[in-house]
Structures are given as structure tokens and as C-alpha cells.
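Q: Required output: the full structure, derived from the provided sequences and hints.
Those protein sequence lines, which keep their order, are chains A and B.
Counting in our numbering, the first sequence runs from 4 upward without gaps.
Counting in our numbering, the second sequence runs from 978 upward without gaps.
Derived by calculation from the structure, the hints in this document are not laboratory data.
Since no wrong hints were added, every one of them can be taken at face value.
Which residues of chain B face chain A? A few of them, derived with a C-beta cut under 8 Å, are:
#1 Pro1026
#2 Pro1027
#3 Asp1033
#4 Ser1034
#5 Ile1040
#6 Ile1080
#7 Ser1083
#8 Phe1086
#9 Thr1091
#10 Ile1094
#11 Asn1202
#12 Ser1203
#13 Leu1209
#14 Gln1213
#15 Val1222
#16 Gly1223
Lysine-lysine pairs mimicking BS3-like chemistry, simulated, CA-CA at most 30 Å apart:
#17 B/Lys1068 - A/Lys44
#18 A/Lys54 - B/Lys1220
#19 A/Lys45 - B/Lys988
By construction, the Cβ of each residue, glycine as well, lies at the ideal position given by its N, Cα and C atoms.
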Amino acid sequence: MEFDSFQAFMQMGKHGAFVWSAYGITLVVILGNLIAIRRRKKNVIETIQRKIKREQAGL
Amino acid sequence: MFQALKRLYHKLGSPKYFYEMTGKMLPWLIAATVLLLVPGLIYGLAFAPPERYQGDSYRIIYIHVPAASIAMGGYIMMAVAGVVVLVWRMKMAEMVARCLAPIGASFTFICLVTGSIWGKPTWGTWWVWDARLTSMLVLLFLYIGVMALNSAINNAQSAARATAVLSIVGAVNLPIIKYSVNWWNTLHQPASIKMTSSAIDPEMLFTLLSCIGGFYCLFAVLLINSTRCEVLQREQRSNWVKKTVGAV
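A: The following block contains the structure:
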């Protein structure tokens, strides 16, 4: 461990704001991607299922 | 060997085969992502030694470099898929290329933002029109251009062909990014890691390699999941999709 305390870990030797904002923004962008893909998957599957139901009702 | 590769190529060209194969691969890829990325980032943030001149601000490297590598690797992949689309008219390549653009743009954005944040305490400025920074910004605009072109054309196949041309022409930018730090001597430092020798502490190097590997697995997970949605959507008339989705 390079840091003596949790506080020192958060401060990153005066650079805490830079390091943690960089990691934070990265996390947000990746989570955004994951959420967007998950939502799209749900949409696509629901659309196809609705279509199947309509086809079966039409038969 | 060549025959086996050819068979694999034809198999991968089938959306159904792609969907089934990636379904089996995904859990392993997710496990690899977690196993490489979590220890890599924890070690990079808390255990790796500080940099001699930059202190702890250098810890941004563990996301900046992997993101930059994927930004370029993703673009290479998109351009290669573009060639496959134009030459062999492969439908799977169209879908992969389409899904690559927003993911590649995300990683390029991460690379630019983390680089900018790193630049402030290190160079004293958020942004300079340095060759590396500028060519990377051009890469982001290329990705956005591909996304815009894809959504501007309604017919999926014509959209794929138009964006294939754009992404192949845009590939000119890749060697410029790669060699910009050698051609122009401005702020951005040249590469620290090379195949033959590395100007970097081994402890930092292994941490960084673990993060790069983890980011690539994460990229693969995102790309595969996104492409699977695209496959379902485009193949929705086929029986196997109806069966797959109906069973969910």
C-alpha cells in the first residue's frame, strides 16, 4: 500500500480531484454504454415478441 | 490451416452462428474483464509506486492508455469490417461496424477527457493543439461522423456501404495518431511501452498491461452485447430469432 490512511488515498498527494474525476467520468461513460445496450436489448425483444403475438392472433 | 480459417469465416458470417457462439463466450469474457480490471485498477490506484516527477496524478495512466488503445483498435476493426462489407458484402460485418462506432466514440471520449484532466497538473493546461491531441480529436469526430451517417440513411445496407467508405478513408488518421509523437516534438510524450524495451517500472508495467487487457475484454463485452441486439433486430423475420425470443 502506497498510502498511510484512507484520507491520503483520497487526496492522492494534492492530485485527488484530478485522479478521482478522471476515474469517475470513465465509470459514468462505461455505465452509460451498459445501460443503453441493456435498454436496447429489452426494446428489441419486446418489439419482436409483440410481433409474434400479432402474427399468432392473425392466424 | 487456410481451409479451417475459411470455414470459420463463413460460419462467423452467419448471424445465427454468431449469436449462438457469442452467447457461450460472454460469461467467460465477463469473468476475464472482472479478473483483469478490478485487481489492475485497485493495484494501480493504491499499490503501484508513485511516479518520480508527477507524484500520484500519473495514476490516470491506468485508464488513459487502455482507452486510447481501444479508441484506435476499435477504429482499425471498423475500417477492416468496412473492407469486408464492400468486398464480400457480409451482413455480419455491417452489423459489427455499426455497433462499433458509438463504443469506439465512448473510449475516444474517455481518452481525451482523462488526458485533459491529466494535462492540467502535469503540463499546466487542459488542452493544447498538440499533434497527438488534435489527431485524437479528429478520431472522435470520425466516429461521430460514422454514427451520424448510419442514422441518416434508413436502408441498413446502403448505410453500411456509405459508412464503410467513410471509415476506410478516415483510417488515414491512424498512422498520424501513432507517429504524431515522433514526427512533431510538442507536449505529448512518446510511447513508453515498446515490444523490445520499456521505459517504465515493471510493477507499473504489469499493472498497466492488466488494465489494458481488462479494458479490451470490457470492450469485447460491450461490442458483442450490442451486436447481438443488432442481429435480433435485423433477423427478426427468421425462424430461429422467433424461437429464441419467444422462449425468453
